[in-house]
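Take a look at the letters that make up each chain.
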Amino acid sequence: MGVFENKFQDNVVVASLDKLMGWARSTSPWFFQFGLACCAIEMMATAASRHDLMRIGMIPRSSPRQADVMIVAGTVTLKMALRVKKLYEQMANPKYVISMGSCATSGGPYWQHGYHVLKGVDLVVPVDVYVPGCPPRPEALIEGLLKLQEKIQSERPLTRKTA
Amino acid sequence: MTDNLEQLIKEAVEKALEGDIDVINNIEDRVTRSKAKAALVKAKREAIKEKNEASPDENSNDSSDSKKDKTTNEHIAELLIQQFPDDINKELSSNKHIQIQPKNWLVISKYLRDDPACLFDSLQCITGVDLGEESDLEVRYNLHSMTHRHAVEIRISCPRKKAKVPSVESIWRIGDWFERETYDMYGIEFEGHRDLKRILLPEDWEGWPLRKDYEVQETYHGIIVPKVKEGWE
Amino acid sequence: MGIVKGDQMVLNIGPQHPSTHGVLRLKVVTDGEIVSDIEPIIGYLHRCFEKHCENSTYEQVIPFTDRCDYIASMNNNFGYVVAMEKLMEIKVPDRVEYIRIIMAELNRIASHLLALGVYGLDVGAFTPFLYMFRDRERILDIFELTCGARLLYNYMWVGGVSHDLPVGFVETVYGFLDYFEPKLKEYNEILTYNKIFIERTADVGVLPPEVAISYGVSGPNLRGSGVKWDLRKDEPYSIYERFDFDVPIGEGTVGTTGDCWDRFYVRMLEMTESAKILRQALKDLPQDGDVHQAIPKKIRPPKGSIYQRTESPRGDLAYYIISDGSPQPYRLKMRSPAFTALSVLNEISRGWMLSDVIAILGSLDIVLGEIDR
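Residue numbers (this note's numbering), protein chains in the order written: chain A, 1 to 163; chain B, 1001 to 1233; chain C, 2001 to 2373.
What the hints contain is simulated information worked out from the structure, not anything from laboratory work.
Do not rely on the hints blindly, as some may be mistaken.
Far from chain A, some chain B residues (derived; all Cβ distances over 12 Å) [as the list claims (entries may be wrong)]:
{"id": "1", "residue": "D1022"}
{"id": "2", "residue": "N1089"}
{"id": "3", "residue": "S1145"}
{"id": "4", "residue": "K1161"}
{"id": "5", "residue": "S1170"}
DSSO-like cross-link-like pairs, simulated, lysine-lysine; straight-line CA separation at most 30 Å [to be verified]:
{"id": "6", "chain 1": "C", "residue 1": "K2303", "chain 2": "B", "residue 2": "K1162"}
{"id": "7", "chain 1": "C", "residue 1": "K2185", "chain 2": "B", "residue 2": "K1015"}
{"id": "8", "chain 1": "B", "residue 1": "K1162", "chain 2": "A", "residue 2": "K86"}
{"id": "9", "chain 1": "B", "residue 1": "K1010", "chain 2": "C", "residue 2": "K2183"}
{"id": "10", "chain 1": "B", "residue 1": "K1161", "chain 2": "C", "residue 2": "K2303"}
{"id": "11", "chain 1": "C", "residue 1": "K2185", "chain 2": "B", "residue 2": "K1110"}
Listed next, the stretches of chain A that the computed footprint assigns to chain C, with coverage defined by at least 3 CB atoms under 8 Å from CB atoms of chain C [what the hints assert, rightly or not]:
{"id": "12", "segment": "7–19"}
{"id": "13", "segment": "28–42"}
{"id": "14", "segment": "80–90"}
{"id": "15", "segment": "104–116"}
{"id": "16", "segment": "126–137"}
Glycine residues also receive a C-beta, built at the ideal position from the N, C-alpha and C atoms.
Pulled out of the complex, with its shape left as it was, chain A reads as follows (with noise of 0.2 Å):
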């Protein structure tokens, strides 16, 4: 993939490429199993009987090298920044990151006397697609992951950007 990737002047043929492209990595994005704190019960949850996250193509991967969405379902502290920082360039590309929950996405209620909280993953890591709440039901979550989907479908890997 990365001998062709934005190689492409945009033309008809590579237009469909992209859209082939883009409808088979949006089925079935494989998810990182990284639970942090609450929110990864919730997440264990929408994995679970009730919301049965495989019915949308999403696999629960515990290795990053395996998966393509990593979830950061959770509190990052300092001590744990790192550690996803790590496991982030450990997966491959194309890579994506949901943060779930306050706490991923600002710090959450642990903002403003969190001395050992990371105000936000996107300190680390690029963020693809926030989900609010404290913790976020798994509804909520499911709403994330097909605007994840939907984003990884509009995307044009072959063509390449114009700046």
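On the provided structure of chain A, position chains B and C as indicated by the hints.
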């Protein structure tokens, strides 16, 4: 098939209750055996329950014991004053806690654990307290005895600059982690601790967060710590 | 257990690992497959709970207690409000007490369901996890009906609760109990007496009672070692003395007393007992009474301190609150049961295989949010 098994278990339990435990031990299938054992335990428990209901006197005894607990602190304080007259600070102690000097704390704690009148076999909690920016630090120990079912609170204060308290890690094993936590938050050094280092915060963290005069560091490994996003507040 | 001296290897498990129940790091020294030393490294979820308490008013502390033990938030709220009411000498109405007991016991069942389901997952059984989550969702529905939240409720307030029970609540809980109690048998069939499960957990990680007490282990872990100690029974707080229930203890049914299976089974039995308490509480629930009546306008406890213990699903949960007469706590320390439970890991898993360490860790039922606070 299942009816047979249940019948088998039932018979085995009845025989075991009469004293012949081998009947259960001789069941070959491990799963069936464990089920039989569980059934036996249940049957025994019910038997004990019936016995207890027959004699309600025991319960009333228990409640009168717990009323005595109000004076536990004073009672233990008297014992300690007899044993260690120099180490107990009588003026600062109250009916809720005992204030002692740090010097002989290890010996006193051993006494508290082993003396038949005390038998404090469980260290419930160690709380560090900062008494104010100009005054001392304090360590509070909550002890509990599973045998006598009584509890006591010990307080030891130490100066802010050279905060040192003897470690009780060898007396109660949980002291290890509790002391590390107190060290992490207040910088109180526990002398004699085998491995005193930070437990919650990273090892290269600066300062003691729960002291009242703590100021958070600006960056940690290049990440800005107290950052507040624009547009907030 | 004879350990062959050989080349030792240090293995790092976590902080990101599916079976560490969160962000826990284990530094394991192994000799081949045999574990010779474990150092748990915690603090990856240290969220400065105690610092926040010192900077918030007493009411504002309650949401933070929710987030400490996020699996049993009701019980955390309960511990805090019990301590505060004792410090301020508030008498709450009977209806509030009953509502609190109902919520706490429902949350205990939910917490144990999650713990047992995930434990099944740890030792390789995926189906019980789905079954238990299915039933846990029904409890969360009840909570949602009452206070609108699924996980972190902020439901119990000092002197009362945030919302009165909704219409049809009692019937819903009865319906749940009628559904749930037969399910316990199903869990036993699918997991407890499963041959593979017994092989993985019986005789593994035996925790002797005196070691458990010295390490301050409490709750189901202590009872699994055969010590009959339950604060609901031994130091009754709230109105627990009004209910008739048993305290199940480990008996070494399939192995040695205090092994992983015992700790697991004690939780299983506790769910039955909680259901028993629930039925009694629902029966006696007073019909009238204002749940906001005893809530003080201003929370300013008198100068002093209090150490109050309550029984959370994980054990003795205690709050040490120091008040200086202002609306903010001077110092608030939370004694978390999972913290002490994790500290015993090194002691009981030395000499076992690496895969057994996962079984032992799972059986201790730790919540990292409560350990790191």
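For each hint, the structure was consulted:
1. D1022: Nearest chain A Cβ is 44 Å from B:D1022, so the label holds.
2. N1089: Consistent with the label, B:N1089 stays out of reach of chain A, its closest Cβ about 34 Å off (over 12 Å).
3. S1145: holds (36 Å)
4. K1161: B:K1161 clear of chain A: closest Cβ-Cβ about 23 Å, beyond 12 Å.
5. S1170: holds (29 Å)
6. C:K2303 to B:K1162: Distance of about 28 Å is within 30 Å: holds.
7. C:K2185 to B:K1015: With Cα atoms ~25 Å apart, C:K2185 and B:K1015 stay inside 30 Å; holds.
8. B:K1162 to A:K86: Since the Cα atoms of B:K1162 and A:K86 sit roughly 39 Å apart, the hinted pair is violated (cutoff 30 Å).
9. B:K1010 to C:K2183: holds (22 Å)
10. B:K1161 to C:K2303: OK: B:K1161 and C:K2303 at ~27 Å, within 30 Å.
11. C:K2185 to B:K1110: violated (47 Å)
12. 7–19: violated (count 0)
13. 28–42: Check passed, 9 qualifying residues.
14. 80–90: holds (count 3)
15. 104–116: holds (count 7)
16. 126–137: holds (count 3)
Violated hints for the displayed structure, listed by number in ascending order: 8, 11 and 12.
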